[in-house]
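Asks: Read off the chains here:
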Amino acid sequence: MSDKKTNQVGDTGHVWDDNLRELLNEPPRWWMISFYASIAWVLVYFILYPSIPLIDSHTKGIMGWTQIKEYKEDLDKIEQVRAPWENKLKGMSAAAILADSDLTSYTISSAKVLFGDRCAACHGAGGAGNPGFPVLADDDWLYGGSVESIQESITAGRQGMMPGFAAQISDQEIDDLANFVMALSQGNGDSQPAGKALFDDAGCSGCHGADGKGMHMMGSANLTDGIWRFSSQDQLASVKYTITNGVNTGEDTARNAVMPSFENQLSATDITKLAVYVHQLGGGQ
Amino acid sequence: MSTPKEDLPDTHIDELYHEVPINTGGETIHAKRAPGLFRTIKWYTASIWLFLFLGPYMRWDGKQAIMFDIPGRQFHIFDLTILPQDVWMLALVLLFFALLLAAVTSIAGRVFCGYFCFQTVWTDVFTWLDEKFEGSPLQRRKLGQAPWTFNKIRIKVIKHAIWILIGLLTGISFTLWFGDAPTLWKEYLTLQAPLFAWVTVGTFTFFTYVFAGFMREQVCFWLCPYARLQGMMYDCETILPTYDDHRGEPRGKLKKKADESGKKLGDCIDCKQCVAVCPTGIDIRDGQQEGCITCGMCLDACDVIMDKIKRPRGLIRYASLDEMEGKPQPPLIKRPRVLVYFGIMLFSIAGIIYGLNTLGALELKVLHERQPLFVLQSDGSIQNKYVLKILNKTDAVMQVNVSATGHPDLKLVGAEEPFSLPNGRVSPHTVYVRIPNAKLTQDTLPIYFRVQDITTPDHVVEYKSMFFGPKN
Chain A
0 MSDKKTNQVG DTGHVWDDNL RELLNEPPRW WMISFYASIA WVLVYFILYP SIPLIDSHTK
60 GIMGWTQIKE YKEDLDKIEQ VRAPWENKLK GMSAAAILAD SDLTSYTISS AKVLFGDRCA
120 ACHGAGGAGN PGFPVLADDD WLYGGSVESI QESITAGRQG MMPGFAAQIS DQEIDDLANF
180 VMALSQGNGD SQPAGKALFD DAGCSGCHGA DGKGMHMMGS ANLTDGIWRF SSQDQLASVK
240 YTITNGVNTG EDTARNAVMP SFENQLSATD ITKLAVYVHQ LGGGQ
Chain B
0 MSTPKEDLPD THIDELYHEV PINTGGETIH AKRAPGLFRT IKWYTASIWL FLFLGPYMRW
60 DGKQAIMFDI PGRQFHIFDL TILPQDVWML ALVLLFFALL LAAVTSIAGR VFCGYFCFQT
120 VWTDVFTWLD EKFEGSPLQR RKLGQAPWTF NKIRIKVIKH AIWILIGLLT GISFTLWFGD
180 APTLWKEYLT LQAPLFAWVT VGTFTFFTYV FAGFMREQVC FWLCPYARLQ GMMYDCETIL
240 PTYDDHRGEP RGKLKKKADE SGKKLGDCID CKQCVAVCPT GIDIRDGQQE GCITCGMCLD
300 ACDVIMDKIK RPRGLIRYAS LDEMEGKPQP PLIKRPRVLV YFGIMLFSIA GIIYGLNTLG
360 ALELKVLHER QPLFVLQSDG SIQNKYVLKI LNKTDAVMQV NVSATGHPDL KLVGAEEPFS
420 LPNGRVSPHT VYVRIPNAKL TQDTLPIYFR VQDITTPDHV VEYKSMFFGP KN
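Quick note, the sequences are listed as chains A and B, same order. So for the first sequence, numbering that gives the first Met the number 0 puts the first residue at 0; every next one is plus one. So for the second sequence, numbering that gives the first Met the number 0 puts the first residue at 0; every next one is plus one.
These are computed hints drawn from the structure, not numbers from a lab. Cβ atoms here follow ideal geometry from the backbone N, Cα and C, with glycine treated the same way. It cannot be assumed that every hint is accurate.
Pair by pair, the computed Cβ-Cβ distance ranges are [said to hold, decoys possible]: (1) GLU26(B) with HIS57(A): 43 to 49 Å; (2) GLU26(B) with ASP75(A): 52 to 58 Å; (3) ILE40(B) with PRO26(A): 32 to 38 Å.
All chains, full assembly: derive it from the sequences and hints.
Replies: This is the structure we're talking about:
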């Protein structure tokens with residue numbers, strides 16, 4: 000082994016602990032090439048891209064690259080992917096979209112964001128509802144559950160009205176009525192004959208219908224099912240409050256129930272998309 | 000490296016620095032090519048790579064037999080179509096080959112490096128071209144130092160052009176596996192190919208040219224991770240090309256033998272043929288070292304010399320260190336390391352076989368809507384919403400029936416009509432399950448969805464999901 004020409008490399012002259020020497024071995028050539036290539040790379044990068052910070056700005060680089068520009072380009076790409084779908088959707092009716100499963104899937108995915116921005120604050124994520132705001136995922140609809148009705152509700156908004164009965168009937172009568180309405184929702188309205196008689200006499204049936212099932216025309220609630228427009232832990236008290244004070248009467252004590260119009264806030268296509276989305280939440284008819 | 004301790008002159012610490020020389024690529028290795036057994040084996044094993052060049056032209060049922068369709072997210076291997084959902088099998092295939100590498104290495108060293116690796120195979124072809132154009136190693140060295148005459152330029156230009164052509168062909172052949180070969184060729188020839196294909200071809204051409212033409216053994220020395228990894232899988236029972244130093248040492252020129260009467264010389268006549276033929280430029284007589292790719296060229300060279308000086312062959316031979324020291328070589332079955340490697344290989348093969356046998360036509364995932372978890376309906380039932388993500392792996396649109404079980408009063412809404420599933424992709428389908436609130440005894444219960452092909456009832460999948468209700 001000793002005849003090898005290995006020890007031609009010199010040392011730096013530094014010696015520690017008697018015999019530890021620092022050799023002058025060259026790094027591998029490929030390593031040196033990479034090293035110089037890296038430096039060249041840095042120089043080119045500094046010229047092409049924004050790099051050196053100045054006092055109130057920075058060098059711009061000759062490529063004119065900026066983050067925001069790249070972001071906008073990416074955004075354009077996304078718009079391009081969406082464009083064929085969006086063009087197809089433009090001017091289509093909600094019913095026509097629902098007839099096509101691929102279009103429905105696309106609409107639901109894209110309207111999810113719209114719903115989150117515009118609707119979920121009151122109606123809850125996924126249409127789960129909130130106290131005082133209707134659940135959109137069930138099949139009980141004040142103004143009808145067809146996709147056209149839903150679209151109309153979003154476009155023009157909704158504002159029902161129920162007068163307060165405090166001045167017209169006694170407290171006892173309000174109790175009777177409330178008990179009847181509670182029984183009605185469980186399917187045995189006949190067990191409360193006093194309230195049942197009052198339901199017709201006081202004029203309730205004028206809006207809620209003779210059978211208490213409500214009318215989509217005026218948005219009167221269906222009182223015969225298990226779903227309450229103003230649900231509460233103590234449902235009986237809630238019903239009494241509604242009968243006493245009414246809804247949207249203009250009085251401070253009345254219940255407030257207004258769905259705003261989105262006609263001027265959203266494009267027609269967006270409203271159609273939202274109608275499809277709400278229709279597909281679980282209760283569309 | 001394997002120099003026994005007593006051989007070290009302990010007074011002269013500088014001897015420690017006289018390690019095996021390290022080849023940093025300062026000088027081009029011009030290895031001699033000699034015929035022999037391992038040379039022949041290398042040609043045969045290297046020819047496996049012809050498959051890279053010829054494979055894409057195989058046709059099967061009017062389509063390319065093997066195609067990795069990345070944009071379409073499908074792998075076609077003869078009759079088999081593998082979708083991303085089944086790619087876990089690819090992981091097992093990789094595991095198998097990783098362990099095969101490990102097992103082979105622990106039995107017989109860097110067999111992959113010596114006989115199969117693209118780096119050494121391409122380098123081998125490139126040096127073969129060296130010899131064709133520039134002659135023997137001596138002539139090559141001379142040409143390298145010669146002034147730039149017209150003749151030298153002519154030789155160099157032709158050689159480098161052929162190198163680049165090989166690189167180009169390598170790159171193009173690689174890309175052909177990812178698209179329809181005739182179409183892609185047409186696109187290349189009319190300069191219509193997609194940018195990505197050009198970049199890939201360019202990258203391959205460049206690295207083939209640089210790695211096989213210039214860096215050669217330097218890639219194995221400094222760039223390749225396997226080269227370092229494989230050394231760790233050796234033990235004293237691994238058979239490797241080894242110099243029998245008991246037999247060879249002390250080495251010395253043949254003619255000197257007569258002169259030095261008192262000192263008996265070994266079989267090694269120090270002809271340095273083993274060094275001359277080594278593609279990585281090492282001296283195998285220094286013992287096993289990182290530069291050895293176990294290609295066996297030195298075995299061929301030494302055997303020729305041994306025949307000439309009428310000594311038995313095998314001064315350098317495939318043998319384990321134990322064997323060289325006269326210890327018995329245990330059978331494979333008694334080497335735990337090998338057994339573990341084979342165990343993992345068996346596991347991955349079993350997994351692949353299982354996977355291939357259960358490549359169903361359908362795949363089902365059910366996502367339960369969580370906002371809201373459940374909704375009270377006007378008829379007093381509780382409704383849960385589910386999105387069925389159904390993958391149709393067949394080649395045709397499929398009509399399926401969907402059913403759900405899990406509660407006697409369960410009603411499935413939204414699946415009254417059969418679903419139409421587009422082929423080759425996942426399609427989402429929303430369904431609702433209703434159970435009367437009065438009939439719910441617990442707030443959660445399992446629900447089983449079943450999707451079945453109408454025309455081929457064998458195509459069926461089930462999925463267990465949950466139904467949520469109010470706490471009654």
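Asks: Is 52 to 58 Å a correct range for the gap between the Cβ atoms of GLU26(B) and ASP75(A)?
Replies: With a Cβ separation near 54 Å, GLU26(B) and ASP75(A) satisfy 52 to 58 Å, so the hint holds.
Asks: Does the hinted range 32 to 38 Å hold for ILE40(B) and PRO26(A) at CB?
Replies: The hint (32 to 38 Å, Cβ to Cβ) holds, given that ILE40(B) and PRO26(A) are roughly 36 Å apart.
Asks: The hint says 43 to 49 Å between GLU26(B) and HIS57(A); measuring C-beta to C-beta, is that right?
Replies: Given a distance of about 47 Å, which is inside 43 to 49 Å, the answer is holds.
The structure fails none of the hints (numbered hints given earlier).
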